[in-house]
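Protein sequence lines, in the order shown, are assigned to chains A and B. Just so you know, the first sequence maps onto residues 2 to 377 in this note's numbering. Just so you know, the second sequence maps onto residues 605 to 744 in this note's numbering.
Check before you lean on any hint, since a few could be wrong.
[Said to hold, decoys possible] Cross-link-like lysine-lysine pairs, in silico, DSBU-like; alpha carbons within 30 Å at most:
no.: 1; chain 1: B; residue 1: Lys702; chain 2: A; residue 2: Lys67
no.: 2; chain 1: B; residue 1: Lys685; chain 2: B; residue 2: Lys653
no.: 3; chain 1: A; residue 1: Lys242; chain 2: A; residue 2: Lys308
no.: 4; chain 1: B; residue 1: Lys655; chain 2: A; residue 2: Lys72
Keep in mind the hints are simulated off the structure, nothing from the lab.
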Amino acid sequence: MQTKKIWAPSLLALAIASPAMASDLNINGFLSVGASMLDKDDASIAGADNQGGFKNDTILGLQISKQVNDKTTVTGQLVSRGSDDYSTEAAWAFVTYAANDDLDLRMGRLRVPAFYYSDFLEVGYTYNSIRPAEEVYRIPFSSIDGVDLAQRFSSGDIDGTVQIYYGRYQGDFESNGTVYDADFRNVTGISVSANMGNFGSRLSYNQGELNLGSPAPAGTDLAVVQGTANFLASGDLNAAKDFNISGQTSSFIEAALTYDDGTYSVLAEWTAFDHETSVLLDDQAWMVSAAMRMGEFTPHVRYSTQKDEFDSGVEGDIQKQLRLEADESSITLGLRYDYDSSTALKFEIQNNDEKTIEGADGDSAILYSVAVDLVF
Amino acid sequence: MKLLKCSYSALLISIAASSAFAETAVIVSADNPNASIDKNLVSKIFLGKTKSFPDGSQALPIDQDEGSDVRQDFNSKILGKSDSQLKSYWSRLIFTGKGTPPTQSGNDATVKSLIANNPNLIGYIDSATVDSSVKVVHKF
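Bound-form chain A, shown alone:
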């Protein structure tokens, strides 16, 4: 105790005396509180139902970063999500080593840079809508434990970043409401983004090897689908094997174009999944959104769609019989109001049209949402 007493004041003095530039502790945070309600009682969009609720769009994040020396910075971000019963997890926790002005090496828990919004997915303040389009933003995990390398480049009017990453994801994998124990290995990819004046573009390629920690428990969707697929394969061992998950690789590509002249802004993003396993259907999804800034008000509109595709051959025939496919789209109309330079109020109406869900005709539903997004 004696040492503590002696050290505390001198540590305090040190903290005060340290120059206000690069070396201090940075604490930043973001908060989104949202409420949403659906007009149907037999549908679910973005976790909302027709009883209304605050939980699903509510997120609190706290980030602490500290430059420990000229080249090295440590960053940690804790996120607590209403959709996850407010359990807190480290979304980011990494050490950045700045090899030079334009090259960063990071190690630890990192975001998978698969999407345009990936890096700031949970910081609602940084975009106009209340949440990214669910049809497109459909990768069931967002962070990996691994390393990445980011090289910035600049030439004339063009500047951008190339990022390469490698890592592993061990955690929950949710499919149709059931949570499985996942261990996705060799998760790796590259993303390239470039900006020129008002225009921006982004490309990413990502892949990973799927592994479930244990076989899907009896009675779960996956176990039922695999069992039925085995039966339907009726002795075709190759086809039956294709319905396994573990050891199979999935890949994901993304391309995005952006335009922002200060008043008008547009984002178009296209993505495609290619799964080696036949239990998960390949698909394509894309979205286009446009917004117009008028002082504090920013009305915006978005169209997004996702469509599953069958494999060819025997596997495709089995997939058809399993009735796994979905085909859906939604149109969102929204208004963002910038209350001050760190608080935004958002209102949204989303019409979701499920043309096909689990192989059958779907329904349409309207989701009403409001949210407050802050950064501090």
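With the hints as your guide, set chain B onto chain A.
Below, chain B alone, put in the same frame as chain A:
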């Protein structure tokens, strides 16, 4: 007399013009060897896209406090962004550990004295407050 009248009104016009369009000066320390920096590079330094001056030395941008007129002017004319847009731009970088915004360092006087004493700093002040302790590298 006619000539006098004419130059008198010209003088009036020039006074009106200078007060309506107060100039902002982008400044570095008088000890900083860089002579002039174009708008594009100033913008890159303040958006964290470049971390060095043309001569290769480290460039650390500092902002005036939020709400200052000079800051508004700088943000809209040099960076081409509103307060909210800028906040959104930095939030995208802060929460990915990819960058931190320039430190808010007070008004014309405090920014000037900080810069005068550190050749790595770059900032902007009302050009009427410029003195020999600092060097103007860009004006708008």
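Unsatisfied constraints (hint numbers, rising): Failing hints: none at all.
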